[in-house]
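Based on the provided sequences and hints, a complete structural model is requested.
Chain residues, written in single-letter form:
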Amino acid sequence: MPTKLAITGAAAVAHAMRQINPDVVAAYPITPQTPIVEYFAQFVADGVVDTVMVPVESEHSAMSAVVGSAAAGARTMTATAANGLALMFEIVYIAASMRLPIVMPIVNRALSGPINIHGDHSDAYAVRDAGWIQLMSENSQEAYDLTIIATKLAEREEVLTPAMVNLDGFITSHGVEGVEILDDEVVKDFVGQWEPKYPLLDVDNPITHGPLDLFDYYFEHHRQQQEGLKNAYKALPEVFAEYEKISGRKYDFLDLYKMEDAEYVMVVMNSAASTAKYVVDELREKGIKAGLIKPWVFTPFPKKEFLEALDGRKAVVVLDRAMSFGKEAPLYSLVKSALYEAKERPMIGSYVYGLGGRDVTPAMLHIPFEEAMKGELDPNEERYLGLKE
Amino acid sequence: MPNQKYFQYVRKDRLPNVWCPGCGNGIIMKSFIEAAGNLGLDKNKVAVVSGIGCSSRVTGYLDFNTLHTLHGRAIPFATGVKLARPDLEVVVMGGDGDMLAIGGNHFIHACRRNMDLTVILFNNTIYGMTGGQYSPTTPHEAIASTAPYGNLENNFDPVKMAISSGATYVARSTVYHYTQSVKYIEEAIKHKGMSVVEIVSNCHTYFGRYNGMSKPAQFMEYFKKSTVTLSKAKTMSEEELKGKIIIGEFHNDESRKTYLELYEELSEQLGGVAK
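Residue numbers (my numbering), protein chains in the order written: chain P, 34 to 422; chain C, 95 to 369.
Misleading hints may appear alongside valid ones.
Ranges of calculated distance between the beta carbons of each label pair, as one might list FRET restraints [unchecked claim]:
(1) P:G146 - C:E332: 44 to 50 Å
(2) P:E415 - C:K318: 57 to 63 Å
(3) P:G345 - C:R108: 51 to 57 Å
(4) C:G116 - P:L38: 30 to 36 Å
(5) P:R378 - C:V112: 46 to 52 Å
(6) C:K318 - P:Q75: 30 to 36 Å
(7) P:Q75 - C:G116: 23 to 29 Å
Honestly, the hints are just simulated from the structure, not real lab data.
Glycine included, C-beta positions come from ideal geometry on N, C-alpha and C.
Shown next, in the form of structure tokens:
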């Protein structure tokens, strides 16, 4: 029987990790990721998991240790946020290129500078091209579910690609809410036993990981990484369906909220989607056909699904919780690009909100809808919600 | 009446500070302010550089040229400041996690180069800001949030580490030994070359709560009781020194040239402009 617990998002993720029971966890503390590792350290100390845990001396070492253990054949996890992820950066790419199915929760926090510890998506965007699968969660339940889903997906033979599970710093990681935890046995069966195909520890069949790869094969290896992401895209519906069987909770590439007849659509990731759903409800009460799309999957980017969901709508407003200086905001540019082949292209507008953890209010989220309804969207203008200037 | 001699070094509008009541960080900050006052430092001729952590917040309160940088990276930033402006007195402040774990490499290499920096190490033996994870100075078997049944690892001795890496002024004090702390900081600032002053401090909020010393006063008692001076320590056996904090000036050698001196010499030799 699943148990409902009132816990933080960090605790929910730690419970998912406990049930996944990785062989190795190496981590370094960074706000707001720390409680995940603390809860998990307690599980390790209490002997309820079989994990060897290494609290290393920096994130660079954490990701390096994790790559080493995953290459050795261990099921391996870590977790980080913002600057921790930035310090990991060079090995984040290496993990993906070595096709090591590491699972890493990212507690989204603004990248410095100036230093800020609160939530935005600049860290997730910074590694969007690193070759990892990126799953996005609105709340603690989703963070829990997607951590389990990520493990199953990353370890599939045709995928073998590391995965990040993103949850918003503080809002999700530190907020307490009801989370349904599946039975340990159910999760254990779902993720199964990790059986690496080419582990370093298989001394009878020696292999090498990460040797020099110049103009002879580097290109092919990168093309194959692209194949891994394509296969992840193909495998996702199957993994989601399997997860629905054990949990009753249905995931997809996109969370479509009141989209059936929606004319005005907001696209937003993670926790702000909860506020946006409330705003959509308010607009619906006034008879306005508003809807919302929240991607559960950011990489591989669900381009086809966006096209199908948005083609023919009156207007689309895309909200980004980070900027891409000198270029269009990341989610906006991807959604806009997905609409290239639309038969009836909607009006579209870009809105940046909540940087460095600035609060997101319903009043704020009404603005893009209002501007869309007045026909005031400009596809080439980046607008800002809640900016004090 | 607050003493103007000290208040000129403080950004009053940034107070009160974020530290827990009774935190040793305030004592160390005041030790530095007093040392600066005694030396009559011109605040515009001093740069204070910090990384990330509770103690690194100090650069927000001190009214010098200040730089609040990345986790572990205060020393490289400070090295850059010193190379660009050798006329400035460059002081680095930070904690044990910041300077000995994530930034440990920079610490030993600055010592090796004998960079003319003054490093004030706030050693509270834990990661305070992130919630009590064990650090490289957490004693073996002490409890931390990442070591609920005791720390398996052994701790660094920052003084030995600094000396063996090449620092030319090395001292240790505790937050209980305020007078000594002021004196060592003064000496460190005056010293030509890499100076390291370790000040053992209290994190009663995390380290203390986990290890039976949840009140700041308990730490003060502990520092008072378990500290021995270097001269006394020399007369004691290893067994007697177990669990003791040795304070004093461990190393003071101005015979070694600093990195900048060597750089200037080479520059002159090659016909460049020495500056």
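Do the hints match the structure? See the list:
no.	hint	verdict
1	P:G146 - C:E332: 44 to 50 Å	47 Å, holds
2	P:E415 - C:K318: 57 to 63 Å	60 Å, holds
3	P:G345 - C:R108: 51 to 57 Å	55 Å, holds
4	C:G116 - P:L38: 30 to 36 Å	35 Å, holds
5	P:R378 - C:V112: 46 to 52 Å	50 Å, holds
6	C:K318 - P:Q75: 30 to 36 Å	34 Å, holds
7	P:Q75 - C:G116: 23 to 29 Å	27 Å, holds
In this structure, none of the earlier numbered hints is contradicted; all agree with it.
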